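Novice: One-letter residues, chain by chain:
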Amino acid sequence: MKPTADVHGEATTLDKRVTSLDDAILAMAETREFGKHTKLRRLLEALRRVLLQPGGAAAVQARARALEEAGLFLGTDWASPEILIPSLVGAGLHSGDADTVVMEAASELRMLAIARGDFTHPTFPAEDARQFLSQVLAKNVELLFTTPGEAERVQRGRTARLVRELFRHLAEEIGYDSVLDDLVDEIWRILRQRPIQVEAAQSLITRIAVYRDDPEIALGASSGQGIDRLITSLFGTTEACREDPGIDVFRSRLEAMDTGGLQYEATGFARAMHDTGLVSPYHAELLRYLLRESDYLLAEALGLSDTGRNCLLRYSQLVHRLIEVAIHPQTAQSVYGLALLLDRGILYEPPVVPSLWRQLALELSPVARERLTTVFGAEPGPQARLVAGVLSMLGQPLGVGQGDNPTCQSARALSMWSYNDPDYLLQMVVWAARDDEVRMHFEGLPISSKDSGAGVASTLPMDLDPVSLLVVPHLDRIYAEMGRRCATRPGDPHRWVNPEFHGWWAAREFHINVDVATGNLVDLDEFLRQFHASYHPFYNGEQPLIHPQPAGVAVTDSAARYVGWHAISILRVAPDPQDVMRVYFFNPNNDSGQDWGDGVVVSTAGNGERFGEASLPFDQFASRLYIFHTDPLERGEPERVPAEDVARIIGYIERSWGDDRLPGGTLQAHEGPTAPEA
Amino acid sequence: MPQREPTIRNPDKGYVALLGWSLNAVEALDRFDRRYVVVAPEWAEEYCVEHDIPYVPWNFERLNDRSMEIAETLQSEGVDVAIPLFEETVEWAGAINSVLLDNPRLYGQAMLLRDKALMKRRAQLGGIRVGIFEEAHDRDDVTRFLKRVNQTLLKLDGDPNDPIHLKAFDKAGCLGHRVIRTPDEVDTIPDEEFPILMESHLDGWEFAVEAWVHNGKIKFLNISEYVTLGYSVFVPATPELERYRPQITAQIEKLIKTFDIEFGFVHPEYFVTSDGEMYFGEVAYRPPGFKVFELLERAYGFNAYHALVLAFDPKTTEEEIDAFFPREVVDASGVAGCFGVYPRRRVVSELEIPEETEDDDYYESHDLSTPLEETVTKRTAFGTHWGLVYFFGEDPYRMRDLLKKQEELDFYV
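Taken in sequence, the protein lines are chains A and B. Here UniProt numbering is used: the first residue of the first sequence is 1, the next is one more, and so on. Here UniProt numbering is used: the first residue of the second sequence is 1, the next is one more, and so on.
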């Protein structure tokens with residue numbers, strides 16, 4: 001039988017479906033709370049069918065109040081718009097479950113009705129709704145610019161189309177201009193954390209550049225403040241590549257330049273790179289060209305500090321070789337790593353220079369070659385990719401991210417070693433890349449990654465930087481094996497695993513405020529006093545933290561509900577520019593700026609953070625902490641911590657993850673394993 | 001969240017007890033003007049307490065010495081009448097109502113309505129046409145019956161047999177319903193299904209009726225048309241079937257007289273043969289399966305559970321119930337139908353509504369469950385479907401074709 005959908009024309013189809021939707025809304029509205037779920041199925045189907053039609057989004061928007069009052073959102077997170085998070089909307093809309101997509105879409109259209117003033121919501125003001133939607137659009141801007149990819153289309157079929165119809169409607173109502181502003185802000189916010197992996201930001205910027213040049217889209221004059229800087233840091237950074245002419249033309253222009261011209265090019269690229277954390281492919285080509293010129297120009301092009309310049313001049317041969325091997329237009333981003341590596345002065349640590357020479361000559365195992373080629377392509381070769389990856393990781397220890405994988409411990413370890421013990425990291429890379437095996441010892445007994453069973457991650461991670469790509473699978477298995485060896489011991493395994501896994505500097509005394517058997521909070525007062533005495537300068541004799549220390553936090557969502565245990569490292573404790581004592585820490589999560597609820601909002605810039613650091617005021621940080629390490633010989637002065645400080649922190653705990661201290665809970669965007677942290 | 005105003009209960013109207021747990025029924029009564037109480041097993045208690053639903057715990061096992069207890073409990077509560085929601089609670093309603101309404105015959109009536117063999121005999125005695133039927137205690141009885149039925153039909157050896165139908169005495173609808181064509185198939189009947197009712201196959205058009213009865217009179221009579229038994233049903237029926245309405249009404253009047261039904265709700269099944277003759281299949285004194293109540297609400301806009309309460313409540317007045325019901329067929333805003341889905345493949349991994357179905361104007365919703373296991377259990381009897389797909393539209397003929405068409409589609413792939 002032929003569907004009659006088109007017989008009456010589209011307007012009629014929509015009208016019919018809308019009538020059916022109204023009936024379904026009414027049926028749910030007249031049902032008391034306990035029976036509403038019996039009416040849900042019909043309402044969701046009706047919604048989905050309306051949303052699939054052109055004009056459907058507007059029809060649903062017009063019914064936002066009726067939908068909410070009927071109880072569509074009852075018993076779900078969507079019932080309280082004030083706790084919704086723009087960054088989680090994408091996951092909802094990309095869900096394989098059509099119902100989740102429909103609920104999420106209905107929630108966005110309700111936001112739109114609130115933002116437009118059609119629906120005065122009791123708990124959510126119009127301005128917040130507008131801002132929420134701007135952020136949703138900004139974070140999912142690809143839904144505005146692109147058609148569904150093959151995989152998305154096959155997996156979700158028409159639901160993918162529904163989502164795009166929704167976004168077109170949202171953007172038309174909210175306006176593209178404001179989206180662009182927020183989008184640009186968002187890109188800047190991410191880049192200010194100086195991640196090693198910038199592919200996502202690059203592709204967004206590229207898309208905006210294309211979008212902005214589309215004559216059919218009229219942008220307001222003030223739109224996208226700061227977008228120019230982002231676009232030019234990738235394309236047309238300097239005079240010689242202004243109109244994005246391609247590498248060959250650029251090269252021939254360089255060849256025709258005198259020193260003054262080259263100097264101008266070099267400083268232009270260096271400024272853009274240090275400003276945004278992004279590197280243009282032309283910049284890589286310039287460096288390769290400058291190898292034939294002078295180290296002075298090379299230092300200019302890298303934008304080096306005095307320390308960096310010194311390192312370059314002292315180890316000129318090594319730096320030249322690193323550039324020759326690793327820096328290509330395809331690996332341009334590692335120029336930034338190289339510059340920061342030189343600025344960090346780590347070449348003056350005796351083992352680092354010979355380790356890098358070893359890295360340059362390293363023969364990779366077939367497994368490593370294949371993995372690198374699969375993920376990054378054949379050009380440049382896997383060895384060059386790996387060296388480029390090493391430069392990035394050594395230059396940006398706090399730019400390491402775990403990708404979309406539950407391997408926060410391994411990412412944290414890599415970051416710590418790069419920060420603290422670079423030659424050990426280089427050794428680790430050699431074992432993983434050359435031998436396809438990493439060995440560590442646990443309480444005197446060897447553990448090989450080859451003999452160990454499964455790690456925390458069930459599949460091989462692919463969305464990582466070159467070093468993590470090769471090393472993380474080994475670390476993950478070893479970490480899991482260490483955990484298994486502690487399985488029979490009472491209490492939390494991180495007491496033993498953390499120091500053995502990370503290194504001698506992970507302090508040996510272990511504090512935890514959760515009873516592993518029951519999941520209940522224990523010894524809170526002593527736990528918090530000891531944390532002050534070990535880390536807070538007022539109570540530890542003003543001793544700055546020497547080595548980064550592994551710690552565990554209970555991550556909470558924006559409604560302060562427990563989400564999961566997560567591994568971070570504490571980097572330093574210091575007063576911020578406003579004289580608030582803050583804990584600065586590294587979060588292996590790809591975006592550290594997170595809202596943990598109850599006013600606890602992790603900051604990544606503007607409160608004295610260095611690139612890649614996250615920070616919280618000391619007491620707020622303490623309120624999410626559940627594991628830390630200390631030196632048993634350094635007691636500090638726990639008794640001097642004022643009782644009201646402890647009480648205030650306990651208040652934060654009680655209002656969030658301590659509220660109902662039972663383990664479990666659902667996983668938010670890959671915070672880490674739900675099994676006990678690290 | 002603004003909530004619906006609490007329902008005002010009318011103290012001059014009856015106080016009803018629902019026997020058995022049905023969320024749809026409870027939800028409907030919760031917004032009706034009668035006082036009500038749910039009588040259900042203990043597992044329902046937590047839910048009722050949490051949601052403030054009036055509740056009395058009771059385990060509906062076989063009637064026993066303690067049966068009087070629930071009747072007395074309800075009586076002291078002030079309950080006027082008990083309404084059975086499931087086949088298993090029909091005899092309980094009879095027993096309880098014989099106390100509440102001081103009418104001992106109600107219990108005997110309920111037993112008639114519970115036992116398919118007794119029911120057929122009573123119908124026969126009342127002059128209602130039934131097919132050939134017999135009780136079977138073992139497989140030999142079945143073989144004998146199959147042979148005899150086919151001899152009666154003047155079949156020769158080698159002719160394909162007319163099938164016979166086997167049904168459990170006291171189960172609702174399609175549960176335990178088997179069709180047997182050859183003596184070989186007799187061996188597939190498990191021991192525990194005996195004793196069993198056997199019926200000859202009637203080559204007719206099967207349909208069901210839902211009739212609400214008040215003071216011995218039919219107040220609303222719906223004809224539900226089956227497209228394929230066990231698969232699909234829609235209301236109101238096509239004009240082709242509705243043209244038999246006068247005869248059908250006469251049959252139902254005969255039925256309620258024969259079974260001495262003064263109030264409540266009956267759900268009988270009939271066959272109409274090509275010469276217009278009606279054959280009685282069976283009758284149930286409880287709401288039908290296959291969500292026919294929901295279909296009626298979709299088509300007519302009245303809540304069939306509310307109607308059920310009106311028909312049972314001794315305090316309902318004639319005017320009240322007459323005003324409640326719309327006129328049959330003409331007052332329906334459209335035709336509502338549903339299709340029961342069974343997986344067609346042996347191995348399935350996911351639920352996928354066919355685009356053809358989803359794009360149809362008539363399609364509204366479904367309550368299909370996602371598959372939990374990949375291998376589909378082989379159906380022997382008319383098993384349980386995996387959920388229903390709902391349709392609504394204007395044309396009953398198009399509805400019938402549409403429902404028929406669904407039988408060829410895969411909802412599980």
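Rather than coming from a laboratory, the hints here were simulated on the basis of the structure. None of these values were measured; they are calculated from a predicted model. It cannot be assumed that every hint is accurate.
Pair ranges (Cβ atoms, derived) [claimed, not checked]:
no.: 1; chain 1: B; residue 1: Asn103; chain 2: A; residue 2: Asp99; range: 31 to 41 Å
no.: 2; chain 1: A; residue 1: Arg65; chain 2: B; residue 2: Ser333; range: 45 to 55 Å
no.: 3; chain 1: B; residue 1: Arg31; chain 2: A; residue 2: Asp99; range: 43 to 53 Å
no.: 4; chain 1: A; residue 1: Glu30; chain 2: B; residue 2: Asn103; range: 46 to 56 Å
no.: 5; chain 1: A; residue 1: Asp128; chain 2: B; residue 2: Ser349; range: 40 to 50 Å
no.: 6; chain 1: B; residue 1: Ser333; chain 2: A; residue 2: Pro54; range: 48 to 58 Å
no.: 7; chain 1: A; residue 1: Pro54; chain 2: B; residue 2: Arg345; range: 28 to 38 Å
no.: 8; chain 1: B; residue 1: Ser333; chain 2: A; residue 2: Ser95; range: 31 to 41 Å
With a straight-line cut-off of 25 Å between C-alpha atoms, the simulated BS3-like cross-links for lysine-lysine are [as the list claims (entries may be wrong)]:
no.: 9; chain 1: B; residue 1: Lys217; chain 2: B; residue 2: Lys257
no.: 10; chain 1: B; residue 1: Lys219; chain 2: B; residue 2: Lys257
no.: 11; chain 1: B; residue 1: Lys147; chain 2: B; residue 2: Lys217
no.: 12; chain 1: B; residue 1: Lys291; chain 2: B; residue 2: Lys404
no.: 13; chain 1: A; residue 1: Lys16; chain 2: B; residue 2: Lys254
no.: 14; chain 1: B; residue 1: Lys405; chain 2: A; residue 2: Lys16
no.: 15; chain 1: B; residue 1: Lys219; chain 2: B; residue 2: Lys254
no.: 16; chain 1: B; residue 1: Lys291; chain 2: A; residue 2: Lys16
no.: 17; chain 1: B; residue 1: Lys291; chain 2: B; residue 2: Lys219
no.: 18; chain 1: B; residue 1: Lys315; chain 2: B; residue 2: Lys219
no.: 19; chain 1: B; residue 1: Lys291; chain 2: A; residue 2: Lys36
no.: 20; chain 1: B; residue 1: Lys13; chain 2: B; residue 2: Lys219
Just so it is clear, CB atoms sit at the ideal spot from N, CA and C, and this is done for glycine as well.
Novice: Evaluate each hint against the coordinates.
Specialist: Hints, verified against the model:
| no. | hint | in the structure |
| --- | --- | --- |
| 1 | B:Asn103 with A:Asp99: 31 to 41 Å | violated (49 Å) |
| 2 | A:Arg65 with B:Ser333: 45 to 55 Å | violated (25 Å) |
| 3 | B:Arg31 with A:Asp99: 43 to 53 Å | violated (26 Å) |
| 4 | A:Glu30 with B:Asn103: 46 to 56 Å | violated (35 Å) |
| 5 | A:Asp128 with B:Ser349: 40 to 50 Å | holds (42 Å) |
| 6 | B:Ser333 with A:Pro54: 48 to 58 Å | violated (26 Å) |
| 7 | A:Pro54 with B:Arg345: 28 to 38 Å | holds (35 Å) |
| 8 | B:Ser333 with A:Ser95: 31 to 41 Å | holds (35 Å) |
| 9 | B:Lys217 with B:Lys257 | holds (10 Å) |
| 10 | B:Lys219 with B:Lys257 | holds (15 Å) |
| 11 | B:Lys147 with B:Lys217 | violated (42 Å) |
| 12 | B:Lys291 with B:Lys404 | holds (18 Å) |
| 13 | A:Lys16 with B:Lys254 | violated (42 Å) |
| 14 | B:Lys405 with A:Lys16 | holds (22 Å) |
| 15 | B:Lys219 with B:Lys254 | holds (15 Å) |
| 16 | B:Lys291 with A:Lys16 | holds (23 Å) |
| 17 | B:Lys291 with B:Lys219 | holds (21 Å) |
| 18 | B:Lys315 with B:Lys219 | holds (16 Å) |
| 19 | B:Lys291 with A:Lys36 | holds (17 Å) |
| 20 | B:Lys13 with B:Lys219 | holds (19 Å) |
Hints 1, 2, 3, 4, 6, 11 and 13 from the earlier list are contradicted by this structure; the remaining hints agree with it.
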